[in-house]
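Okay, here's what each chain looks like letter by letter:
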Amino acid sequence: MPQTLDYLKESPSQTAGPYVHIGLAPGAAGFSIFERELGQDIAGPNAEGERIRVEGVVTDGTGAPVKDVLLEVWQADDEGRHPHPRDPRHAEVAEGFRGWGRIIPDFETGLWSFDTVKPGPVMGRHGRLMAPHITFWLVARGINIGLNTRLYFGDEEAANAADPVLGLIEQVHRRRTLIATREDREGRAVYRFDIRLQGEGETVFLDI
Amino acid sequence: MKPFEYIPRDRGVHPPAYTPGYKTSVARSPRLPLLSLQNSLSEITGPTFGQGDLGPLDNDLIRNYAKTGDPVGERIVVHGRVLDENGRGVPHTLVEVWQANAGGRYRHVKDTYFAPIDPNFGGCGRVLTDEQGFYHFRTIKPGAYPWRNGVNDWRPAHIHVSVFGQAFVQRLITQMYFEGDPLIPRCPIAATIPDPKALERLIAPLDLNAAIPLDCLAYKFDIVLRGTRSTLFENRLEGN
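Those protein sequence lines, which keep their order, are chains A and B. Residue numbering for the first sequence follows the working numbering, beginning at 1 and increasing consecutively. Residue numbering for the second sequence follows the working numbering, beginning at 209 and increasing consecutively.
If you are wondering where the hints come from, they were derived from the structure by calculation, not from laboratory data. Keep in mind that a hint or two might mislead.
Heads up, simulated DSSO-like pairs for lysine-lysine below, C-alpha to C-alpha not over 30 Å straight-line [said to hold, decoys possible]:
1. A:67 <-> B:428
2. A:9 <-> B:428
3. B:275 <-> B:349
4. A:67 <-> B:231
5. B:349 <-> B:428
6. B:405 <-> A:9
7. A:9 <-> B:318
8. B:405 <-> B:275
9. A:67 <-> B:405
10. B:318 <-> B:275
11. B:349 <-> B:231
12. B:405 <-> B:318
13. B:275 <-> B:231
14. A:9 <-> B:231
To give an idea of the interface, some chain A residues facing chain B are shown, with a C-beta separation under 8 Å as derived from the structure [to be verified]:
15. 16
16. 19
17. 22
18. 183
Ideal Cβ positions, reconstructed from N, Cα and C, are used throughout, including at glycine.
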């Protein structure tokens, strides 16, 4: 017998279930318990950059909206900086910029939305710049392990064309599933980002 | 600077997306493979939380929703440690929990099970791990409850657990089960985990050493998140 490697194994994932809101967004479950629910304000009041809205619907393999999904997003600020000690420029991030949000759809329609600032490009591997993007993580009843994906911006064509992650998607037409389309609504940019869990137009999900 | 990376997720210890015994997974599982991505700054960073985000009773589910008295049920302490795969404690990370009450009823607009709501029990809590990764909370042991999967399926008693870690790649939601519960081997959700040894790591043992005599029993639940990996030699230079 060789020596054994003494790494531990990650705890296995389990579905978040239909009542995930009780723990992560009790207001949506129908009661008030915490003084402050987390993840309600992604950018905060001081962040520079273009204020945008992002909205969409998550649909299942039959095309029905997934109304009990919970989404979390993680993003850089408008200069591509993350408020985290591993980012060499984290000290320059505006106070109150969390970069993280938790989003619950409307229980009737499945439509979700959030307000933030448009992120700047982020330094990728080997010194290659990544196009502006927002990292998504989805959990729900029926999803056994959280699904990761990325939102890119439809009005960043040149940056998207050079993005090292989009470039990894072998079937070129599938890259479109990660690109949100821009619409100007009452003077503000609204990006539409629908996520299809399965079937036609299936969103590209990432093993990060 | 060497790239800082996490150990890739071993998908063999996790449930696959498509597990037909758990019916809802059938239409909610991607059919195409995941795209593997090496970690960049977007993955090795993640949100951070501090005591200022939390209230003083947030880790005490016996008190944090008490209106007219204490909730009904078996009083327990749940404690443990959040570790990474290298065995190091994960400090100052947020652990969130939610659960049904002693009768198996959730405080949620969508739960219609006829077991009654407990007026003194909300069913959620949160806590930050300490410097060494330890955490604890106090609650009522949840009851089993029926669900519309098979015609007579019942969830074992369980507490949902959500953990952040220090990077977005460590984000994990799982469920804690209780030692000795005969519903565990009969549960289609527990059975989504392919390896029985991996499932055992979600079953919290009774821990009498941490019980409070004449007050609360205790269960111990350690949570392992992904660890960072070392690359001792790197041939590929930055910029190449």
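Agreement of residue 67 of chain A and residue 428 of chain B with the hint, judged by alpha carbon distance not exceeding 30 Å: violated (34 Å)
Hint validity - residue 19 of chain A Cβ closer than 8 Å to any chain B Cβ: holds (4 Å)
30 Å limit on alpha-carbon distance, applied to hinted pair residue 318 of chain B and residue 275 of chain B: Given pair residue 318 of chain B, residue 275 of chain B holds - Cα atoms ~22 Å apart, limit 30 Å.
Pair hint residue 9 of chain A and residue 231 of chain B, alpha-carbon separation not exceeding 30 Å: With Cα atoms ~27 Å apart, residue 9 of chain A and residue 231 of chain B stay inside 30 Å; holds.
30 Å limit on alpha-carbon distance, applied to hinted pair residue 405 of chain B and residue 9 of chain A: holds (11 Å)
Hint consistency between residue 9 of chain A and residue 318 of chain B [alpha-carbon to alpha-carbon, up to 30 Å]: Roughly 35 Å separates the two Cα atoms, so the pair is violated.
Holds or violated: residue 275 of chain B to residue 231 of chain B, with C-alpha atoms at most 30 Å apart: violated (38 Å)
Agreement of residue 9 of chain A and residue 428 of chain B with the hint, judged by alpha carbon distance not exceeding 30 Å: holds (17 Å)
Given hint residue 428 of chain B paired with residue 349 of chain B - CA-CA distance at most 30 Å: holds (13 Å)
Interface hint status, residue 183 of chain A versus chain B (Cβ within 8 Å): violated (25 Å)
Hint consistency between residue 67 of chain A and residue 405 of chain B [alpha-carbon to alpha-carbon, up to 30 Å]: Roughly 33 Å separates the two Cα atoms, so the pair is violated.
30 Å Cα cutoff - pair residue 275 of chain B, residue 349 of chain B: With Cα atoms ~19 Å apart, residue 275 of chain B and residue 349 of chain B stay inside 30 Å; holds.
Of the numbered hints listed earlier, those contradicted by the structure are 1, 7, 8, 9, 12, 13, 18.
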